[in-house]
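Trainee: All chains, please: the whole structure from these sequences, using the hints.
As a plain string of letters, each chain reads:
Number of protein chains: 2
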Amino acid sequence: LLHSDICGEKMNSNVIGPSTLQSELVDDRLYRQIASQIATQIDNGILKRGTKAPSIRRLSSERGISISTALAAYRALENDGYLEARPQSGYYVRERHNVNSTGILPPEIEQSTPSLEPTTVRNAELVVRVLQASNYASNSGNADLYQLGAAICCPSYLPTDALTKCLINAAKRYPDIGNSYDFAPGTPVLRTAIARRALDYGLTLHPDDIVLTVGATEALQLCLRAVTNPGDAVAIGSPTYYNILQLIESLGLRAVEVATHPNDGVVLESLEQALESEKISACIFMPSFGNPLGARMSDENKKRLVAMLDKWEVPLIEDDVWGNTNFEGARPKPAKCYDQTGNVLLVSGFSKTLAPGYRVGWVAAGRYRKRVEYLKIVGSEGNPTLPSLAIAEFLNHGGYDYHLRRIRRYFAEQTQMALEGIAKHFPEGTKTNRPKGGHFLWVELPQHIDTIELFEDAIKEGILIAPGPIFSARQKFKNYMRVNCGYNSPQRMDFALEKLGGMMKKKRG
Amino acid sequence: LLHSDICGEKMNSNVIGPSTLQSELVDDRLYRQIASQIATQIDNGILKRGTKAPSIRRLSSERGISISTALAAYRALENDGYLEARPQSGYYVRERHNVNSTGILPPEIEQSTPSLEPTTVRNAELVVRVLQASNYASNSGNADLYQLGAAICCPSYLPTDALTKCLINAAKRYPDIGNSYDFAPGTPVLRTAIARRALDYGLTLHPDDIVLTVGATEALQLCLRAVTNPGDAVAIGSPTYYNILQLIESLGLRAVEVATHPNDGVVLESLEQALESEKISACIFMPSFGNPLGARMSDENKKRLVAMLDKWEVPLIEDDVWGNTNFEGARPKPAKCYDQTGNVLLVSGFSKTLAPGYRVGWVAAGRYRKRVEYLKIVGSEGNPTLPSLAIAEFLNHGGYDYHLRRIRRYFAEQTQMALEGIAKHFPEGTKTNRPKGGHFLWVELPQHIDTIELFEDAIKEGILIAPGPIFSARQKFKNYMRVNCGYNSPQRMDFALEKLGGMMKKKRG
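Protein chains in written order, with my numbering: chain D, -5 to 503; chain E, -5 to 503.
Hints were generated in silico from the structure; no laboratory data involved.
Treat the hints with care, since some could be wrong.
It does not matter which identical chain is used: a pair holds within one copy or between any two.
[Stated by the list, open to error] Capping the alpha-carbon separation at 25 Å, the derived lysine to any residue pairs in SDA-like fashion look like this:
#, residue 1, residue 2
1, 297, 43
2, 42, 455
3, 364, 406
4, 501, 43
5, 364, 450
6, 500, 488
Mentor: Spelled out as structure tokens, the structure:
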């Protein structure tokens, strides 16, 4: 299989210019096909290592494809280590080399120590600024952008073709259903498939417990609105995913940042202390491979967490979108498994491992189900119908388990390579966590490094990172960053980490 | 063309049982194809009028289709007036007869006279109860349900096949783009197509003015959240679409109900009075064929409305989803055309005339654009990618204008027939409005008729209606109802109106 074929290419849909949908765009399917054929020729020795590859122009005319499609195929091959570009000379078939594993990892980060005082979210504008700059860079047509920022997965590792087949099948067989409203809670066929899969990790759900949403994001929004009123305090991990901070801000809530251990997640003693000192209306945690830590709470701690919040009568919104990304062993149980009172609102979806473009999430909101369903109907009526039908079919017949095994291995390997790359290239004093899932690292840099500055320097060099302060309501973590490991080829990731290390080493301590 | 081929059939996607997606479901495409072939045979005299049609079992074995698909084909033909079912005997080819136009219409309704005092929304539970009962009936497998309730259009009048082609085309050509996030404001190709079409009705928008949303519903939600705080008062028409009332309730706002004229929409004098007596934070109006009135504000009144709200510094959320459904003349200009200060937030979408199942709406939020875009990103990140690409392609190449001409004629004819049916069948004292667009009527019944009771009686007979009190924050309009004219064949609509009339006449005056 061709590795990460379009990663590093401009891939955001925003690159479709106004009237170019038909004519000027790279043909995704075609260039991938051609790149894959050429890769096979190289693997089979038909194209010899070290020789010059046909010119872009020749490839274009021989295959009857556009220049831009030919270029996309070569860039994919370059990205994958099959070709290398030599300035003023063209593309050459190169020796493949893996990044040699050194086994040397950076020292480990310690537990965070946030203030437990409630605070308004003060980084909302910063988050918008960082996201906008990142999107602008992604859409500027810089094909060599290194995506270490957003926690998105390389599209070539997603089973998009199989999913497309499911979509086309549903659209053809059920045109009227597909073009009719699918009012919340949403099509039973998908809710049933979700409930069946939940059984596999020990969670008994009835399809009627589930409400389908526009990604997990809408589910989090609905849950927060269902259990809080403006002005209320919501407990979150420190650091936490910036979208959760934005949600808290946008609903006029306050945040209580609770300590986390970089590998074990929320520190329960810190949470208990927060509960004792402040009226808290809800918690949002990601107990299984939360973003940005990739930490995993133990089953024992999940059980304690649920019992504690039950005692305090504080609902737990459990964001489980990364639950399927365990590097090894069995997929962790959600905390919801220990919920006996309906106090846990479990949120998940398919954007992280299957279908970011389909926007299908779901929530099993326990005793808040009715209110969540009401808010969903009132706020967006229902989900688009065909994406739900397509995902249901994929879950039932598409080989999701096989796919998950493959993508977990990929995430685990990439994360390991990033850890080693950081150990090799970043300045002394750098520490990281040791995630057990997800595809990102939480990196502590020497005190004098300001990652907002680093973000701005790096973007000029075509490297996107996620600076630490976007993960904190108080804009803490000035010298931290999150590194996405799930998007770039090993070569490109190593190159980008080396470059970032160089930038850091130039800063005065 | 086969008329309204599946209307009256169970069509809500909820009818897909848990594991039946592949096996037991009716094949939509196939039964439509077969029904269409049989209709042609009848039109051409190959199947003679008055003779018995082949049995379901025979049709099934001759065509190699399932019993349920054969049954669906026959029901479609029955619905369309080609066949009639005779108990214990089977299906017969029948004479087609049009409902003869009488030209006699009911007397006209007068202007509404709401109290201008702000109120909490008191009908939220009632709306949920009515919608749930309606959905339950729709999904109960009663294939003969008469859908005079929800304002939905008969699926066979939607260009679903052409749209499906656009979707498949986009999914095949741009698999990676189609399966990547499309962060708000959403794919430029669709925003550009929307801006181009706006020019046709006199509105200059830049693609960057537009944010794509999950149907117009999400757009309304975002707009309200952008311009109000909990506890604020929001002016609405009386009556108004129940979802707007639910939105107001769900956001902790209060409603100020303003008088409407049944044909001309919001009464500006009433609005001015409300503005003078109460601090109002926003207005939500539907100046072009608002639901449930189908009324049309004149250009002059739209201009005055915009100027008035500008003076009072009260933002106008303009819900224009029905704007394309004018029965005659040119499509009306939105009030937004008269907006010089960015005070109008224009909301529209494609659910009413093109793609209810795709959930694509949009908003041009004027000076509130940034906040609306922020709330969209935070609340659901972005829309699903492929539905947006498909609709863009349909707008650019699918013949939307031709389709609109056809569906407008259909809506106009159906509405006319419903008016005549009501004049013929409903008790004396019944009045209606004279809509100029949409596909529904607002009906005033004699004082002693309680439409909540009527709703409950009618549902037992397989007829769905929308009782008046769901359109009022104070549960007014006890003896009013909205009649959907856009779903049933003329024969079925006439039958249902006759039956409803009979029920009413049994009630004591």
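Trainee: State for each hint whether it applies.
Mentor: Now for the hints, and whether the structure bears them out:
1. 297 - 43: neither (56 Å within a copy, 71 Å between copies)
2. 42 - 455: For residue 42 and residue 455, the Cα distance exceeds 25 Å both inside one copy (33 Å) and across copies (77 Å).
3. 364 - 406: Answer is neither; intra-copy 39 Å and inter-copy 38 Å both fail.
4. 501 - 43: neither (40 Å within a copy, 90 Å between copies)
5. 364 - 450: between (45 Å within a copy, 23 Å between copies)
6. 500 - 488: within (19 Å within a copy, 82 Å between copies)
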